[in-house]
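Colleague: Sequence:
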Amino acid sequence: MKTLHQWLDEYSASHRNPRNKLTHWIGIPLIVFAVWCALKAIPLGNELINPATASIAIFVGYYLLLSWRLAAGMALLSAVFYAGVLSLRDLSGANLIWVAAAIFLVGWVLQFIGHHIEGAKPSFFKDLQFLLIGPLWLLADLYQRFDIPMLGSPRPATVAEGKR
Numbered sequence: 154m155k156t157l158h159q160w161l162d163e164y165s166a167s168h169r170n171p172r173n174k175l176t177h178w179i180g181i182p183l184i185v186f187a188v189w190c191a192l193k194a195i196p197l198g199n200e201l202i203n204p205a206t207a208s209i210a211i212f213v214g215y216y217l218l219l220s221w222r223l224a225a226g227m228a229l230l231s232a233v234f235y236a237g238v239l240s241l242r243d244l245s246g247a248n249l250i251w252v253a254a255a256i257f258l259v260g261w262v263l264q265f266i267g268h269h270i271e272g273a274k275p276s277f278f279k280d281l282q283f284l285l286i287g288p289l290w291l292l293a294d295l296y297q298r299f300d301i302p303m304l305g306s307p308r309p310a311t312v313a314e315g316k317r
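Sequential numbering from 154 applies to the sequence shown in this note's numbering.
These aren't lab readings, by the way, just hints derived from the structure by calculation.
Accuracy of the hints is not assured; some may be wrong.
Unchecked claim - Pairs of lysine to aspartate or glutamate residues, derived as EDC-like cross-links and limited to a Cα-Cα distance of at most 16 Å, are as follows:
| hint | residue 1 | residue 2 |
| --- | --- | --- |
| 1 | K174 | D294 |
| 2 | K274 | E163 |
| 3 | K174 | D162 |
| 4 | K174 | E163 |
| 5 | K174 | E271 |
Said to hold, decoys possible - Restraint-style ranges between C-beta atoms, simulated for each label pair:
| hint | residue 1 | residue 2 | range |
| --- | --- | --- | --- |
| 6 | L229 | I202 | 17 to 25 Å |
| 7 | L258 | T156 | 30 to 38 Å |
| 8 | W261 | E200 | 27 to 35 Å |
| 9 | L244 | A210 | 19 to 27 Å |
| 10 | L201 | N170 | 37 to 45 Å |
| 11 | A166 | L295 | 14 to 22 Å |
| 12 | V259 | I195 | 20 to 28 Å |
| 13 | R298 | I211 | 25 to 33 Å |
Model, not experiment: these values are computed from the prediction.
By construction, the Cβ of each residue, glycine as well, lies at the ideal position given by its N, Cα and C atoms.
Produce the entire structure from the sequences given, and follow the hints as far as they go.
Modeller: Here is the structure:
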């Protein structure tokens, strides 16, 4: 299994252009939110145990294998996102799946615009696990901006800059 820094360095290699990074800062959260909205729209389970919360547990569990500190941050962000999912569900009712589809589409359009600007294919074309790494890449960048260690010690280079 690749280490956290191997994943982040490889992801950063195709995310150097500032405009591409900006599209990812907007697009990735939209996509994650939309997926959880769509999963919550599946009439299965209850507020705490359902396809959306199961996927959150899988995400956080995967991140736990890479960095417990990033996994903790992602668990906190996921709780905030899930509260947003529940609020949007209450506002949109039966239309949640359509709202999720629209948000998902906007998120992916932004991703592909960013990669067109970058001149590089999206990382997930190479390995589907990069779909899980994208959100972690954003959080790792925040950790580094605020000098929060991701592992046992801080890393000298900024992840989002792709420096070694």
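Colleague: Find the hints from earlier in the document that the structure breaks and name them by number, from lowest to highest.
Modeller: Of the numbered hints, all hold.
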